[in-house]
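*Asks:* Numbering follows our numbering, in which position 205 of the sequence shown is assigned residue number 205; successive positions increment by one, without gaps.
For the record, the hints were derived by calculation from the structure and aren't laboratory data. Yeah, the Cβ is synthetic: ideal placement off N, Cα and C, and Gly gets one too. There's no promise every hint is true.
Straight-line distance between alpha carbons at most 25 Å, and here's what the computed SDA-like set of lysine to any residue pairs gives [stated by the list, open to error]:
#: 1; residue 1: K187; residue 2: G146
#: 2; residue 1: K187; residue 2: R161
#: 3; residue 1: K221; residue 2: L196
#: 4; residue 1: K163; residue 2: R151
#: 5; residue 1: K163; residue 2: S131
Beta-carbon label-pair distances, calculated as ranges [said to hold, decoys possible]:
#: 6; residue 1: W184; residue 2: V147; range: 17 to 23 Å
#: 7; residue 1: S234; residue 2: L113; range: 34 to 40 Å
#: 8; residue 1: P48; residue 2: A154; range: 41 to 47 Å
#: 9; residue 1: S98; residue 2: K221; range: 38 to 44 Å
#: 10; residue 1: E242; residue 2: P148; range: 22 to 28 Å
#: 11; residue 1: A86; residue 2: R170; range: 18 to 24 Å
#: 12; residue 1: P190; residue 2: A245; range: 16 to 22 Å
#: 13; residue 1: R170; residue 2: L82; range: 35 to 41 Å
#: 14; residue 1: A28; residue 2: A169; range: 19 to 25 Å
#: 15; residue 1: P128; residue 2: A27; range: 21 to 27 Å
#: 16; residue 1: A154; residue 2: H105; range: 29 to 35 Å
#: 17; residue 1: A87; residue 2: R240; range: 38 to 44 Å
#: 18; residue 1: T90; residue 2: V183; range: 23 to 29 Å
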Amino acid sequence: MSEGLVFAIGDLHGRLDLAWAVVDLLAAQGRDDGYRAIFLGDYVDRGPESRGLVEFLMSLARDPRFVFLKGNHEAMMVEALLRRDAAAFTRWRAAGGSETLASYHAETFDEALARVPVTHLRWMDALPLTSGDGHRVFVHAGLSPGVPLERQSAASCLWIRDKFLKAPARAFDVHVVHGHTPVWDGKPDPGEPEVLPHRTNLDLAAYATGRVAIGVFDPAKAGGPLEILVLDRSLDGAIRVERRATATVRPLGWSARLGLRG
Numbered sequence: 001m002s003e004g005l006v007f008a009i010g011d012l013h014g015r016l017d018l019a020w021a022v023v024d025l026l027a028a029q030g031r032d033d034g035y036r037a038i039f040l041g042d043y044v045d046r047g048p049e050s051r052g053l054v055e056f057l058m059s060l061a062r063d064p065r066f067v068f069l070k071g072n073h074e075a076m077m078v079e080a081l082l083r084r085d086a087a088a089f090t091r092w093r094a095a096g097g098s099e100t101l102a103s104y105h106a107e108t109f110d111e112a113l114a115r116v117p118v119t120h121l122r123w124m125d126a127l128p129l130t131s132g133d134g135h136r137v138f139v140h141a142g143l144s145p146g147v148p149l150e151r152q153s154a155a156s157c158l159w160i161r162d163k164f165l166k167a168p169a170r171a172f173d174v175h176v177v178h179g180h181t182p183v184w185d186g187k188p189d190p191g192e193p194e195v196l197p198h199r200t201n202l203d204l205a206a207y208a209t210g211r212v213a214i215g216v217f218d219p220a221k222a223g224g225p226l227e228i229l230v231l232d233r234s235l236d237g238a239i240r241v242e243r244r245a246t247a248t249v250r251p252l253g254w255s256a257r258l259g260l261r262g
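Using the sequences provided together with the hints, build the complete structure.
*Replies:* Spelled out as structure tokens, the structure:
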């Protein structure tokens, strides 16, 4: 199998409908071009179909082209239910876990322990924190500036915000592709991606906006995305695909052939 494009998918947060749309779009690439799809974490919480999304992603995990990273919301769910921590359960439920519990037809701690399959929790617990393609690091939240990758903490990979977001480009020797923060001072519109010379933020708050971003990367070239595709289901229920071309790289021909419009 030849080395093809790398697709990075932003936070889904229980949006099974958007996950299906992402996979349908990737399927249009054909079965044998060697592409990789890296999902950046936060599959559960806030959105309506966390259980269905987890089961769908677990089915995709049998395909080596798909990589699923751990997000802080998976970490919270695992701490609460796999570790059987009642205090962690209360924190998780307040941070968006109530919607996930509803998808499992559970409300209380004891109901969750009885009704959330341990196979789901073990799958989430085993997810990696980072992935790479030789030129970039893919991670849920970000990296601690100036710290080598092998010394990055799980807390940074899952939770970091301001220290990473506000760091200058010179603090990183590799482009970082992440999600986790849909809104901050440098990204006032939650429904739009953020692309800087040293990092790409693909979190579009899918649970609230009905939008998910797919960053398209060439593993043979350093730097940011060739383009970003935004799948939008925020209006009448139909899936629309918008293209965000970078300022420095010509848009990919394949997206034009699929009829995508920016």
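*Asks:* Could you run down the list of hints and mark each one as holding or not?
*Replies:* Hints and how they fare:
{"no.": "1", "hint": "K187 with G146", "result": "23 Å, holds"}
{"no.": "2", "hint": "K187 with R161", "result": "12 Å, holds"}
{"no.": "3", "hint": "K221 with L196", "result": "16 Å, holds"}
{"no.": "4", "hint": "K163 with R151", "result": "16 Å, holds"}
{"no.": "5", "hint": "K163 with S131", "result": "21 Å, holds"}
{"no.": "6", "hint": "W184 with V147: 17 to 23 Å", "result": "21 Å, holds"}
{"no.": "7", "hint": "S234 with L113: 34 to 40 Å", "result": "35 Å, holds"}
{"no.": "8", "hint": "P48 with A154: 41 to 47 Å", "result": "28 Å, violated"}
{"no.": "9", "hint": "S98 with K221: 38 to 44 Å", "result": "43 Å, holds"}
{"no.": "10", "hint": "E242 with P148: 22 to 28 Å", "result": "37 Å, violated"}
{"no.": "11", "hint": "A86 with R170: 18 to 24 Å", "result": "45 Å, violated"}
{"no.": "12", "hint": "P190 with A245: 16 to 22 Å", "result": "21 Å, holds"}
{"no.": "13", "hint": "R170 with L82: 35 to 41 Å", "result": "40 Å, holds"}
{"no.": "14", "hint": "A28 with A169: 19 to 25 Å", "result": "34 Å, violated"}
{"no.": "15", "hint": "P128 with A27: 21 to 27 Å", "result": "24 Å, holds"}
{"no.": "16", "hint": "A154 with H105: 29 to 35 Å", "result": "31 Å, holds"}
{"no.": "17", "hint": "A87 with R240: 38 to 44 Å", "result": "43 Å, holds"}
{"no.": "18", "hint": "T90 with V183: 23 to 29 Å", "result": "25 Å, holds"}
The structure is inconsistent with the numbered hints 8, 10, 11, 14, although it conforms to all the rest.
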